[in-house]
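Given the coordinates of chain W, assemble chain Y onto it according to the supplied hints.
Those protein sequence lines, which keep their order, are chains W and Y. Residue numbers are given in our numbering: position 245 of the first sequence equals residue 245, and the series is strictly consecutive. Residue numbers are given in our numbering: position 117 of the second sequence equals residue 117, and the series is strictly consecutive.
Check before you lean on any hint, since a few could be wrong.
Stated by the list, open to error - For lysine to any residue, the following SDA-like pairs were computed, each having C-alpha atoms within a straight-line distance of at most 20 Å:
no., chain 1, residue 1, chain 2, residue 2
1, W, K321, Y, I155
2, W, K75, Y, T21
3, W, K321, W, V332
4, Y, K159, W, S159
5, W, K321, Y, L86
6, W, K33, W, C57
7, Y, K22, Y, S84
8, Y, K130, W, N117
9, W, K61, W, A47
10, Y, K126, W, S177
11, W, K33, W, T306
12, W, K65, W, K75
13, Y, K159, W, V332
14, W, K144, Y, K159
15, W, K61, W, R32
Stated by the list, open to error - Example chain Y residues on the side facing chain W (calculated, C-beta under 10 Å, incomplete):
no., residue
16, S27
17, T37
18, Q48
19, F49
20, V53
21, I56
22, M59
23, M63
24, L65
25, L67
26, L72
Think of the hints as simulated: they come from the structure by calculation, not from any bench. Quick caveat: nothing in here was measured; it's all calculated off a predicted structure. All C-beta atoms in this analysis are idealised placements derived from N, C-alpha and C, irrespective of residue type, glycine included.
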Amino acid sequence: MEWSFVIEKLILVSVIFVITLVIAMYSTLAERKIAGFMQDRYGPDRAGIFGILQPLCDGGKFFFKEEIIPAGAHKVLFIVGPTIAIITACISSAVIPWGQELQIGDRVVSLQVADVNVGILYMFGVIALGVYGIMLGGWASNNKFSLMGAIRAASQSISYEIAMGLSIIALLMVTQSLSLREIVAGQSGFVNWNIWAQPLGFIIFMVCAFAECNRVPFDLPECETELVGGYHTEYSSMKLGLYMFSEYINMFVSSALMASLYFGGYNFPFMNDLGLSANWITIIGVIVFFLKIFGFIFFFMWVRWTLPRFRYDQLMNLGWKMLIPLAIANIVLTGVFTLIKDTYFS
Amino acid sequence: MTVFYFVAFLSIFFALMTIFTKNPVHSVLYLVITFFTFTVHYILLNAQFLAVVNFIVYMGAIMVLFLFVLMLLNLNKDTEPMKSNLVKFMGVIAGCCLLVTFFGVYRVFDISNPLTVTNPEIGLVKNLGKVLFNEFLLPFELSSLLLLTAMIGAILLAKKEPKQI
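So that you can see chain W by itself, here it is in the shape it has in the complex:
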């Protein structure tokens, strides 16, 4: 283990961390602007030009609000809840390949923090861990609305994880690798994107991603009309801020995951025919990857301000009676197609 390697990874981790936080911060502004646009009003426009300083004001407000821990709450777990939520949100981006290799001097820098050969499963593990943050926070509040929110969050996340895992299995049958770097590298150009091979799988995966992020139309854990504020009813000040922040980070990471699993990640059409040097292609690739991510984030917000919330039984019916059978059918279809392709067209 050389020092330059450690420093390189340290810089990469810090840059990704800062980018994640900034994107999460400005997602809050973007959400309000898009809400304003959809409802034919301006949205926040007082702090700075176009309201560009609004996230900073919100952050400052969160820090200076009074910190309240309810008397009946379990003190330790009340603090542990938001901590787990934000930590799991931040560490999940470690295996995403942000770009190809960058050549600086005679050093080749890979734009991925960790190339684990079970990358996708790592993501799944971290996502599964994220639900502890919500559950513990909701339970420790000692409030029945919080508890209802926590229980909804847990059952929803477990039900949709199954369909998500099954849709990923069909994808893995196509890519034949669990490493995210290899999956993205296998989609170079435009026709090789996995979305063409797995359209049904992508739709299932996306619906499940919405459910795992607790976004509308699956925001049952925090639905205001029934549960006051859901699992974070009792939270105030920065702890509430951390919960909201982790939700936006999760949205960013799942957008990145969808872009890299199904939409080619940093690959863009004609990338090998432009005659540019490898470094330039890497840089353009990173920009293209972020544009794809922003597209997905916009889609998340678009859906939020368009669709109404599901009822709880509808949510469970959709998860267990629609998505899981569809995902299994997708696996069978993929298997049959792969077999036919290997037998007759190879």
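Just chain Y, lined up with the frame of chain W:
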């Protein structure tokens, strides 16, 4: 080796905490940490796939369900069931049996001559898959059948009988 001893110490410590805490929710959380140390053990053994699956299935799914049930139970000191002396007596006997078994294992186990894995790469997904689907195909399929049976049984038990008119 020092890492192994440190993680092993943590496993045993949190396993004991799981038993000794009074609050059932704390107990489940200590169990979650115990499972996490098991994951670290698997990584130390170079068994990445097993580590991640242990992480997802035990920490991510099964323990969430445990916590889920405990949160709904509204447990506190007043509703704690009193254990009769007979149960305590049986517990002591079972514990002694476990102790004797451990002692026997310790006597039989040859510490100075440990087993070595011939192929240290066996824990990676590719090799594990090949072994499972070639050498151990029949036991693998049988166990999957067993799990399926258990699942169907659970659904049948949970399903309400339609009312006869």
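Consistency of the hints with the structure:
1. Taken as a hint, the K321 (chain W) and I155 (chain Y) pair is honoured in the structure, with Cα atoms around 14 Å apart against an allowance of 20 Å.
2. Between K75 (chain W) and T21 (chain Y) the alpha-carbon distance is near 17 Å, which keeps this suggested pair within the 20 Å criterion.
3. A hinted pair counts as satisfied when its Cα atoms are at most 20 Å apart, and K321 (chain W) with V332 (chain W) qualifies at roughly 17 Å.
4. With a CA separation close to 18 Å, the supplied pair K159 (chain Y) and S159 (chain W) stays within the 20 Å bound.
5. With a CA separation close to 47 Å, the supplied pair K321 (chain W) and L86 (chain Y) exceeds the 20 Å bound.
6. Note on K33 (chain W) and C57 (chain W): the hinted pairing holds, with a Cα-Cα distance of about 16 Å set against a maximum of 20 Å.
7. Distance hint between K22 (chain Y) and S84 (chain Y) is fulfilled; the C-alpha atoms sit about 18 Å from each other, no more than 20 Å.
8. A distance of roughly 16 Å separates the Cα atoms of K130 (chain Y) and N117 (chain W); the hinted pair therefore holds under the 20 Å criterion.
9. Restraint check for K61 (chain W) and A47 (chain W): satisfied, since their Cα atoms lie roughly 13 Å apart, inside the 20 Å limit.
10. Only pairs whose Cα atoms come within 20 Å are accepted, and K126 (chain Y) paired with S177 (chain W) is accepted, the gap being roughly 9 Å.
11. A C-alpha spacing of about 14 Å is found between K33 (chain W) and T306 (chain W), which places the hinted pair at or below 20 Å, so the restraint holds.
12. For the given pair, K65 (chain W) sits about 19 Å from K75 (chain W) by alpha-carbon distance, which is consistent with the 20 Å threshold.
13. This hinted pair does not check out: K159 (chain Y) and V332 (chain W) have alpha carbons roughly 28 Å apart, beyond 20 Å.
14. At most 20 Å may separate the alpha-carbon atoms for a hinted pair to count; K144 (chain W) and K159 (chain Y) exceed this at roughly 28 Å.
15. As the CA atoms of K61 (chain W) and R32 (chain W) are separated by approximately 17 Å, the hinted pair is consistent with the 20 Å bound.
16. Annotation: S27 (chain Y) was flagged as interfacial toward chain W, and the flag is violated, the nearest CB pair being 13 Å apart, outside 10 Å.
17. For T37 (chain Y), the suggested interface contact is broken, since its CB lies about 15 Å from the closest CB of chain W, more than 10 Å.
18. Because the beta carbon of Q48 (chain Y) sits about 5 Å from the nearest beta carbon in chain W, less than 10 Å, this interface hint is met.
19. The restraint placing F49 (chain Y) at the interface with chain W holds, with a minimum CB-CB distance near 6 Å, inside the 10 Å limit.
20. The restraint placing V53 (chain Y) at the interface with chain W holds, with a minimum CB-CB distance near 7 Å, inside the 10 Å limit.
21. At about 5 Å, the closest approach between the beta carbon of I56 (chain Y) and any beta carbon in chain W falls short of 10 Å, and the interface hint on this residue holds.
22. A cut of 10 Å between beta carbons decides the hint on M59 (chain Y): the least distance to chain W is about 7 Å, and the hint holds.
23. Because the smallest distance between the Cβ of M63 (chain Y) and any Cβ of chain W comes to about 8 Å, under 10 Å, the interface hint for this residue holds.
24. Given hint, L65 (chain Y) at the interface with chain W, holds; its Cβ is 7 Å from that chain's nearest Cβ, closer than 10 Å.
25. Given hint, L67 (chain Y) at the interface with chain W, holds; its Cβ is 6 Å from that chain's nearest Cβ, closer than 10 Å.
26. A distance limit of 10 Å between C-beta atoms decides the matter here; for L72 (chain Y) the minimum to chain W is near 7 Å, and the interface restraint holds.
In this structure, the hints that do not hold are numbers 5, 13, 14, 16 and 17, in rising order.
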